[in-house]
Amino acid sequence: MAILSSQGGVIKEWTMTSFLDGKPIDPPKGVNLLSSQLSESIGGALRFHIPSDPVLEKQLNQAVYEVGNIPDQDLYLQKAETKEVSFTYSGSGIEAVKTLIFTGAGVAKSTGFDFDIRATVKRNGAPVDAYLVIGPNFGDQAAKEVSAYKHAPQLTYAIGTSVSREAASKLNGAAATPTSGPVDWAAVDDNYFAIALVPPRPAPAAQLLNDNYVSIAVQLAQGEINHVYAGPKDLNLLTQASQYFSISRNSSQLEDIVSYGWLNFLRVVIKPIAQFMLWGLREINKITHNFGWSIVLLTVFLNLFFFPLRWKSSVSMKRAAAMQPKMKDIQERMKKIDKNDPRMMDLQKEQIALMKEGNPLMGCLPLLLQMPFFMAVFAILTVSIEVRHAPFFGWLQDLSSPDPFWILPIIMCLTMVLQQALTPTTADPVQKKMGYVMPIIFAWFLKAAPAGLVLYWMVSNIVGVVQQFIINRMNPTKPPGTPATEDSSKTGDKKPAKGKKTKEALAN
1104 MAILSSQGGV IKEWTMTSFL DGKPIDPPKG VNLLSSQLSE SIGGALRFHI
1154 PSDPVLEKQL NQAVYEVGNI PDQDLYLQKA ETKEVSFTYS GSGIEAVKTL
1204 IFTGAGVAKS TGFDFDIRAT VKRNGAPVDA YLVIGPNFGD QAAKEVSAYK
1254 HAPQLTYAIG TSVSREAASK LNGAAATPTS GPVDWAAVDD NYFAIALVPP
1304 RPAPAAQLLN DNYVSIAVQL AQGEINHVYA GPKDLNLLTQ ASQYFSISRN
1354 SSQLEDIVSY GWLNFLRVVI KPIAQFMLWG LREINKITHN FGWSIVLLTV
1404 FLNLFFFPLR WKSSVSMKRA AAMQPKMKDI QERMKKIDKN DPRMMDLQKE
1454 QIALMKEGNP LMGCLPLLLQ MPFFMAVFAI LTVSIEVRHA PFFGWLQDLS
1504 SPDPFWILPI IMCLTMVLQQ ALTPTTADPV QKKMGYVMPI IFAWFLKAAP
1554 AGLVLYWMVS NIVGVVQQFI INRMNPTKPP GTPATEDSSK TGDKKPAKGK
1604 KTKEALAN
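Going by this note's numbering, the sequence shown opens with residue 1104, and the numbers climb by one from there.
Among these hints, one or two may not hold up.
What the hints assert, rightly or not - For each label pair, taking beta carbons as the anchor points, the in silico distance ranges come out as:
| no. | residue 1 | residue 2 | range |
| --- | --- | --- | --- |
| 1 | 1157 | 1375 | 40 to 50 Å |
| 2 | 1270 | 1127 | 23 to 33 Å |
| 3 | 1365 | 1184 | 18 to 28 Å |
| 4 | 1389 | 1128 | 13 to 23 Å |
| 5 | 1250 | 1407 | 27 to 37 Å |
Unchecked claim - For lysine-lysine, the following DSSO-like pairs were computed, each having C-alpha atoms within a straight-line distance of at most 27 Å:
| no. | residue 1 | residue 2 |
| --- | --- | --- |
| 6 | 1247 | 1186 |
| 7 | 1535 | 1126 |
| 8 | 1442 | 1431 |
| 9 | 1389 | 1374 |
| 10 | 1132 | 1225 |
| 11 | 1536 | 1415 |
| 12 | 1212 | 1247 |
| 13 | 1161 | 1253 |
| 14 | 1438 | 1535 |
| 15 | 1429 | 1536 |
| 16 | 1535 | 1442 |
| 17 | 1225 | 1186 |
| 18 | 1442 | 1212 |
| 19 | 1225 | 1253 |
| 20 | 1132 | 1389 |
| 21 | 1182 | 1415 |
| 22 | 1225 | 1247 |
| 23 | 1253 | 1132 |
| 24 | 1182 | 1161 |
| 25 | 1550 | 1536 |
| 26 | 1389 | 1212 |
| 27 | 1438 | 1389 |
| 28 | 1429 | 1439 |
| 29 | 1415 | 1438 |
| 30 | 1431 | 1273 |
| 31 | 1253 | 1374 |
| 32 | 1253 | 1535 |
| 33 | 1536 | 1431 |
| 34 | 1273 | 1415 |
| 35 | 1431 | 1374 |
| 36 | 1550 | 1535 |
| 37 | 1126 | 1225 |
| 38 | 1126 | 1247 |
| 39 | 1550 | 1429 |
Keep in mind the hints are simulated off the structure, nothing from the lab. Only a predicted model underlies this, so the values are computations on that prediction, with no experimental measurement involved. The beta carbon of each residue, even a glycine, is placed where N, CA and C say it ideally should be.
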């Protein structure tokens, strides 16, 4: 639901009342995404910004426009329907026209959350260099908490394949900050919602506006269609909008509004993973009808998928741990002889052979391969509109908010300690201590995390403990040089040759 104002010809208020399937969101009033109070004090969405003439800017944004194409005060848009609203101002040689084109879901590839705007500003018949502004502070107006997992409305914009994000605090109080190049699209977004403006071609310039409540101004292509998306930060909807707006494949797409944290440079890899996992979460929820249990099942499936990697990682780490005493012995012997001593080369060869058989880095590699999947899970559980305010059971009535009693972080900490106890490590006492301290640090940082994210991590740890127990039972690695049996003489087996014995032990 949108409230348009003839003063300035702007969008004064924007409220999301339901999902596309008709299911209400935050009933009975919905989610207010654009505040009428801020619009009155700062200016509504799609107001003009004219850096070269602040007087003209004020005149255009305070003027009362003539409204066309609306027979009544209310405009109702049916599915697969298109309607236009025009705002016209004329006076003192100034002419300004804005035409908003609203399309319902079902029109071509429309998402149901997008519309178009065409605007012109002329003085004495000549075009005026003007900007269109989106904002201020588009996002859930009821959300007041800001943390490492929930950010206030910020500015996000694309220059080619590069995506930049600016919080109000980063603008250092500057009223207007120019971007560093032509902008393909610009957005104001919080965790779950975004409004984005897509010009017909990369806009030559854009300005970041602060006023304590962020907005972004994009240079106007006079008389041409500019696209606007205003709705949830849903990966599928944003992808659909990018296709509908025909954004160049050589540029960042609207779905890049979603951030993947410090792995954002791998978004080309993470994005399809996140979309697939979001699809999986929704499909599972069709059966469970509870996003908490859906997260649990998705986590179990994901850990089963990675079980072969966990097995390989554990075997490599156990081999490295078993060879650690011999590796230290070689290092001590190397310290006692001169580097030019012929024996040094023999020791180095022996050291290289041991590293090939039990390289600890090989144990880390499978874990690193899982990082894009973790960041994909992090993204969908912190921006997915379905998880927002979704209940689980008992005290967990909002998976997008922290656990009020810290129960999940504590259980997660305990499962991490248990997992650490089962995982093969080196004999280094400092590393062992760190292995038990890290779970406490993680639990402390995750106490403010959304319960859905902590639930994922906790269940992943529990499944990991079970898998590690199975690995330890089925693959007990012996130190190098240990015979394959306790007492081979009793069984009548022949003792293997010394070299062969070491090879068999290493193979275990």
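Going through the hints against the structure:
1. 1157 to 1375: 40 to 50 Å: 46 Å, holds
2. 1270 to 1127: 23 to 33 Å: 31 Å, holds
3. 1365 to 1184: 18 to 28 Å: 44 Å, violated
4. 1389 to 1128: 13 to 23 Å: Given about 19 Å between the Cβ atoms, the range holds.
5. 1250 to 1407: 27 to 37 Å: 32 Å, holds
6. 1247 to 1186: 35 Å, violated
7. 1535 to 1126: 51 Å, violated
8. 1442 to 1431: OK: residue 1442 and residue 1431 at ~17 Å, within 27 Å.
9. 1389 to 1374: 23 Å, holds
10. 1132 to 1225: Answer violated: residue 1132 to residue 1225 is near 40 Å, above 27 Å.
11. 1536 to 1415: 24 Å, holds
12. 1212 to 1247: Since the Cα atoms of residue 1212 and residue 1247 sit roughly 34 Å apart, the hinted pair is violated (cutoff 27 Å).
13. 1161 to 1253: 34 Å, violated
14. 1438 to 1535: 26 Å, holds
15. 1429 to 1536: 23 Å, holds
16. 1535 to 1442: 33 Å, violated
17. 1225 to 1186: 25 Å, holds
18. 1442 to 1212: 71 Å, violated
19. 1225 to 1253: 42 Å, violated
20. 1132 to 1389: Given pair residue 1132, residue 1389 holds - Cα atoms ~26 Å apart, limit 27 Å.
21. 1182 to 1415: 53 Å, violated
22. 1225 to 1247: Distance ~41 Å between residue 1225 and residue 1247 Cα, so the pair is violated.
23. 1253 to 1132: 23 Å, holds
24. 1182 to 1161: 37 Å, violated
25. 1550 to 1536: 22 Å, holds
26. 1389 to 1212: Holds, because 25 Å separates the two Cα atoms, which is no more than 27 Å.
27. 1438 to 1389: Not satisfied, since the Cα-Cα distance of roughly 64 Å exceeds 27 Å.
28. 1429 to 1439: Between residue 1429 and residue 1439 the Cα gap is close to 16 Å, so the pair holds against 27 Å.
29. 1415 to 1438: 33 Å, violated
30. 1431 to 1273: 50 Å, violated
31. 1253 to 1374: This hinted pair holds, its Cα atoms lying about 20 Å apart.
32. 1253 to 1535: With Cα atoms ~34 Å apart, residue 1253 and residue 1535 exceed 27 Å; violated.
33. 1536 to 1431: 20 Å, holds
34. 1273 to 1415: Violated: residue 1273 and residue 1415 sit about 44 Å apart, past 27 Å.
35. 1431 to 1374: Not OK: residue 1431 and residue 1374 at ~44 Å, beyond 27 Å, violated.
36. 1550 to 1535: 24 Å, holds
37. 1126 to 1225: 44 Å, violated
38. 1126 to 1247: Holds, because 25 Å separates the two Cα atoms, which is no more than 27 Å.
39. 1550 to 1429: Violated, at about 42 Å.
Going down the numbered hints, you'll see the structure goes against 3, 6, 7, 10, 12, 13, 16, 18, 19, 21, 22, 24, 27, 29, 30, 32, 34, 35, 37 and 39, while the others check out.
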